[in-house]
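Per my numbering, the sequence shown starts with residue 1, numbered consecutively.
Treat the hints with care, as some may be off.
To be verified - With a straight-line Cα cutoff of 20 Å, these simulated SDA-like cross-link-like pairs (lysine to any residue) come out:
#1 93 x 66
#2 93 x 38
#3 93 x 63
Claimed, not checked - Ranges between beta-carbon positions, derived for each pair:
#4 209 x 115: 19 to 27 Å
#5 74 x 182: 32 to 40 Å
#6 69 x 203: 30 to 38 Å
Think of the hints as simulated: they come from the structure by calculation, not from any bench. Owing to the predicted nature of the structure, the values given are computational and were not obtained by experimental measurement. Yeah, the Cβ is synthetic: ideal placement off N, Cα and C, and Gly gets one too.
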Amino acid sequence: LSAAIDLSSPAADLQGGARDLAGVADLWAADLAASAPVLRELGGTPDNLWVVGDQGYTARWDGAAWTPVASGTTVDLLHVYSSGRGFALALGKGGLVLRWNGAAWSVVPGTGGAELCCVSGTGPTDAWIAGARGAALSPQMGGGYELTFWHWDGAGLTAAAGRLQGVQRGGTPGLTSIAGVSPTEYYAGGGSGVVVLARYLGAAWSVSQEVASSSNISGIFGAGPGDVWITRSEAPFANLKGSIRSVVTR
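Given the sequences, and given the hints that come with them, work out the whole structure.
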């Protein structure tokens, strides 16, 4: 993917990411919605959807009905990814990561309590988790900031090798969204004073673009290899397809 995205042009405000729960409330029964705490995110496949929420709440849709599932924690769960009935990852506050193995949730160690922003994957042995906060680097370390990622390989989490160091001095961005389209193609984005787009192409994460801006990448969706959709607050949709960028307004 070689095209540049216009990360600085202002336009209509867009709220929410590719997996925002807005508009999907009709998917679960009224009794489930009424008994559940605040619901945070929905993820999965048409016959295997997971919803997570506050107080460790999880529930699974099997294509016919929603069933609450005990997570074993009361920590608020904020994000979820699932590739099928036998695998899911859920992220909670305080760096909590839970894995679903088809029968029960269990804790996955390895994040060191870092605040986590999002998770995406291509299957039960390939998923990436992104840290929510960029860490400012001292002038002695070159300045800028670094972002953190963890890879799930089917057995555990491994922090991304090397330092992902941005060059902008206008802020310390956090990440808000991540999307994977193949084991060798992932994108992550966010912003806070700096809008940043990072990518992984099979070897290491790198900063693809940075623009000093008060807006933010609010969602990334990978439709397929070389075909990625990005939404930004105060900006239109941007689609990268091969080497062509198109902007779609609503």
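So, going through the hints one by one against the coordinates:
1. Taken as a hint, the residue 93 and residue 66 pair is broken in the structure, with Cα atoms around 24 Å apart against an allowance of 20 Å.
2. The straight-line distance between the Cα atoms of residue 93 and residue 38 is roughly 14 Å, inside the 20 Å bound, and the hint therefore holds.
3. Distance hint between residue 93 and residue 63 is unfulfilled; the C-alpha atoms sit about 29 Å from each other, more than 20 Å.
4. About 23 Å separates the C-beta atoms of residue 209 and residue 115, a value consistent with the hinted range of 19 to 27 Å.
5. Distance hint check: the CB atoms of residue 74 and residue 182 are about 36 Å apart, consistent with the given range 32 to 40 Å.
6. At roughly 37 Å, the beta carbons of residue 69 and residue 203 sit within the given window of 30 to 38 Å.
In the structure shown, a violation is registered for the earlier hints numbered 1, 3, in ascending order.
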